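Read off the chains here:
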Amino acid sequence: MTMLHTVNKSPFERNTLTSCISMAQSGSAVLLIEDGIFASLKGTSVSDKVSKAMGSISFYVLGPDLNARGMTEDQLIDGIKVVDYEGFVDLTAEHDNVQAWL
Amino acid sequence: MKYGLLINEGPYQHQAVDSAYQFAKAAIAKGHEVFRVFFYHDGVNAATDFAVPPQDDRNITQQWVKLAEENNIDMVVCIAAAQRRGILDVNEAERQGKRGDNIAPVFRISGLGQLVEAGIECDRLLTFGD
Amino acid sequence: MAEPWEDEVEGPVKKFMFVNRKAPYGTIYALESLEVVLITAAFDQDVSLVFSDDGVYQIKKGQVTDGIGMKNFSPTYRALEGYDVEKLYVDKESLDERGLTEDDLLVDVEVLSRAELGKLMDEQDTIMSF
Chain A
46 MTMLHTVNKS PFERNTLTSC ISMAQSGSAV LLIEDGIFAS LKGTSVSDKV SKAMGSISFY
106 VLGPDLNARG MTEDQLIDGI KVVDYEGFVD LTAEHDNVQA WL
Chain B
41 MKYGLLINEG PYQHQAVDSA YQFAKAAIAK GHEVFRVFFY HDGVNAATDF AVPPQDDRNI
101 TQQWVKLAEE NNIDMVVCIA AAQRRGILDV NEAERQGKRG DNIAPVFRIS GLGQLVEAGI
161 ECDRLLTFGD
Chain C
10 MAEPWEDEVE GPVKKFMFVN RKAPYGTIYA LESLEVVLIT AAFDQDVSLV FSDDGVYQIK
70 KGQVTDGIGM KNFSPTYRAL EGYDVEKLYV DKESLDERGL TEDDLLVDVE VLSRAELGKL
130 MDEQDTIMSF
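Chains as they are written, first to last, in my numbering: chain A, 46 to 147; chain B, 41 to 170; chain C, 10 to 139.
Hints are computed from structural coordinates only; laboratory data are not their basis. Any given hint could be a false lead.
[Stated by the list, open to error] Estimated spans, in silico, between C-beta atoms of each pair:
1. C/K96 with B/E134: 39 to 45 angstroms
2. B/N112 with C/R107: 42 to 48 angstroms
3. C/I77 with A/K87: 41 to 47 angstroms
4. B/Q53 with A/D141: 29 to 35 angstroms
5. A/A138 with B/V146: 37 to 43 angstroms
6. A/S92 with B/P145: 44 to 50 angstroms
7. B/G126 with C/A124: 42 to 48 angstroms
8. C/D112 with B/K138: 23 to 29 angstroms
9. B/N99 with A/K126: 29 to 35 angstroms
[Claimed, not checked] Each computed DSS-like pair below joins lysine-lysine, with the alpha-carbon atoms no more than 27 angstroms apart:
10. C/K101 with A/K94
11. C/K69 with C/K96
12. C/K96 with C/K70
13. A/K87 with A/K126
14. A/K126 with A/K94
15. B/K42 with C/K24
16. B/K65 with B/K42
17. B/K42 with C/K101
18. B/K70 with B/K42
19. C/K128 with C/K80
20. A/K97 with C/K23
21. B/K138 with A/K126
22. A/K94 with C/K128
23. C/K23 with C/K128
24. C/K128 with B/K42
25. A/K126 with B/K70
26. A/K126 with B/K106
27. C/K101 with C/K24
28. B/K138 with C/K23
[To be verified] Looking from chain B toward chain C, a few residues come up when the C-beta cut is under 8 angstroms (computed):
29. N48
30. H81
31. A120
32. G159
Nothing here was measured: the structure is a model prediction, and the numbers come from that model. Even glycine gets a Cβ: it sits at the ideal position worked out from N, Cα and C.
Bound-form chain A, shown alone:
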């Protein structure tokens, strides 16, 4: 079973991303939405942690939430894929289950 994990809070506000990464199984995916998008950016205190996790977990970021917060795709950590809401839907269908980390 592969899981899609959603993380919606900023890594600077909450430990949600850390908890998620520590339990997400190899081969699963993390989609950063809402304030969670801040974890997708280069040059922050969490960028290394995310890059390292990408060794075994696929990372996605919700484009509309990224743009709403004034961020653009060239600011993303290498390898993070941008999806829109239809892409979000596709991810939930492609994975066997979805878990929200709130």
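Dock chains B and C against the given chain A, drawing on the hints supplied.
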């Protein structure tokens, strides 16, 4: 795919209700079914018929009402959470001796069993919260 | 005599997991999510509870709430067994981070590592987060 959505936060205060709405719209556009949306915790506040947000901003409740009506989505508000937060339909208002009811059309008040049923019946149950 | 819901459940038994990551009383999530657990058990589903991060505080012994004027609902965790909800899991790292041990908890739990919990999560049909 048959989707159930659980919304745990109230409108405007958190993005949850909006995110769920955008997700539901996209799922429907892709030909999936959104079977039920269950409003819990402060999410029940999305069911108020009395919200008057600024004209140039979205009316979250009305957006959901339209989407649900057009796509036959079952919009369920948890009775226990609703009672705590003062979201009442006509029956509840009468039963509780309150001077009015405030639930928007399409939303229906029911028990947590509806959430469990959504978990059983749906292919995916997504949670939007804080 | 059978309860009303006992007549309904002839269908599938799914694995429901409830992930509790928030402390009690500061927010309502602990209390209201417990209500979902009880209903899900009444539907004869296969229920697991995970307490992780600040969620471990939900089952801390010795909660005295008179001073804050709120109802102490922690005894409900001890009543879960009576509803056949016996799979309670706690994340060891979360206990360690908070200087807690199993002795501090008011119910019997299985303490697992995050890796083990992650595997358990992958086995579930429906996961609800509050």
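Taking the hints in turn, this is what the structure says about them:
Restraint check, C/K96 to B/E134: a C-beta distance of roughly 42 angstroms satisfies the suggested window 39 to 45 angstroms. At about 47 angstroms, the beta-carbon gap between B/N112 and C/R107 stays in the expected band of 42 to 48 angstroms. Checked against the hint of 41 to 47 angstroms, the pair C/I77 and A/K87 passes, with Cβ atoms roughly 44 angstroms apart. Between B/Q53 and A/D141, the C-beta spacing of about 32 angstroms keeps the proposed range 29 to 35 angstroms intact.
A C-beta distance of roughly 26 angstroms is found between A/A138 and B/V146, which places it outside the suggested range of 37 to 43 angstroms. A hinted range of 44 to 50 angstroms holds for the C-beta pair A/S92 and B/P145, which are about 47 angstroms apart. Distance hint for B/G126 and C/A124: a CB-CB separation of about 44 angstroms, consistent with the stated range 42 to 48 angstroms. The hinted window of 23 to 29 angstroms between C/D112 and B/K138 is violated, with their beta carbons roughly 47 angstroms apart.
A C-beta distance of roughly 33 angstroms is found between B/N99 and A/K126, which places it inside the suggested range of 29 to 35 angstroms. Under the criterion of a C-alpha separation no larger than 27 angstroms, the hint pairing C/K101 with A/K94 is consistent with the structure, at around 21 angstroms. Proposed proximity of C/K69 and C/K96 is supported: the alpha carbons are some 17 angstroms apart, at most 27 angstroms. For the proposed pair C/K96 and C/K70, the alpha carbon gap of about 19 angstroms is at most 27 angstroms, so the pair holds.
Proposed proximity of A/K87 and A/K126 is supported: the alpha carbons are some 13 angstroms apart, at most 27 angstroms. Straight-line distance between C-alpha atoms of A/K126 and A/K94 comes to about 17 angstroms, which keeps the hinted pair within the 27 angstroms bound. With a CA separation close to 18 angstroms, the supplied pair B/K42 and C/K24 stays within the 27 angstroms bound. The straight-line distance between the Cα atoms of B/K65 and B/K42 is roughly 13 angstroms, inside the 27 angstroms bound, and the hint therefore holds.
Proximity of B/K42 to C/K101 is assessed by CA-CA distance (about 36 angstroms); at most 27 angstroms being required, the pair is judged violated. With a C-alpha separation of about 12 angstroms, the suggested pair B/K70 and B/K42 falls inside the 27 angstroms cut-off, and the hint holds. This hinted pair does not check out: C/K128 and C/K80 have alpha carbons roughly 35 angstroms apart, beyond 27 angstroms. Restraint check: the Cα-Cα separation between A/K97 and C/K23 comes to about 34 angstroms, which exceeds 27 angstroms; the hinted pair is violated.
Distance restraint check for B/K138 and A/K126: the Cα-Cα separation of roughly 51 angstroms exceeds the 27 angstroms cut-off, and the hinted pair is therefore not satisfied. With a C-alpha separation of about 21 angstroms, the suggested pairing of A/K94 with C/K128 holds against the 27 angstroms cut-off. Distance check on the hinted pair: C/K23 and C/K128 sit about 17 angstroms apart at the alpha-carbon level, within 27 angstroms; holds. Taking the CA atoms of C/K128 and B/K42, the gap is about 25 angstroms. The hint holds against a cut of 27 angstroms.
A distance of roughly 20 angstroms separates the Cα atoms of A/K126 and B/K70; the hinted pair therefore holds under the 27 angstroms criterion. Restraint check for A/K126 and B/K106: the C-alpha separation of about 32 angstroms exceeds 27 angstroms, so the hint is violated. Restraint check: the Cα-Cα separation between C/K101 and C/K24 comes to about 23 angstroms, which is no more than 27 angstroms; the hinted pair holds. A hinted pair counts as satisfied when its Cα atoms are at most 27 angstroms apart, and B/K138 with C/K23 does not qualify at roughly 39 angstroms.
Because the closest C-beta pair between B/N48 and chain C is about 6 angstroms apart, less than 8 angstroms, the hint holds. Look at B/H81: its Cβ gets to within about 6 angstroms of chain C, closer than 8 angstroms, so that hint holds up. Annotation: interface hint on B/A120 holds; nearest CB of chain C at approximately 6 angstroms, less than 8 angstroms. Checking B/G159 against chain C by beta carbon gives a least distance of about 4 angstroms; that is within 8 angstroms, so the hint holds.
The earlier numbered hints that this structure contradicts are 5, 8, 17, 19, 20, 21, 26 and 28.
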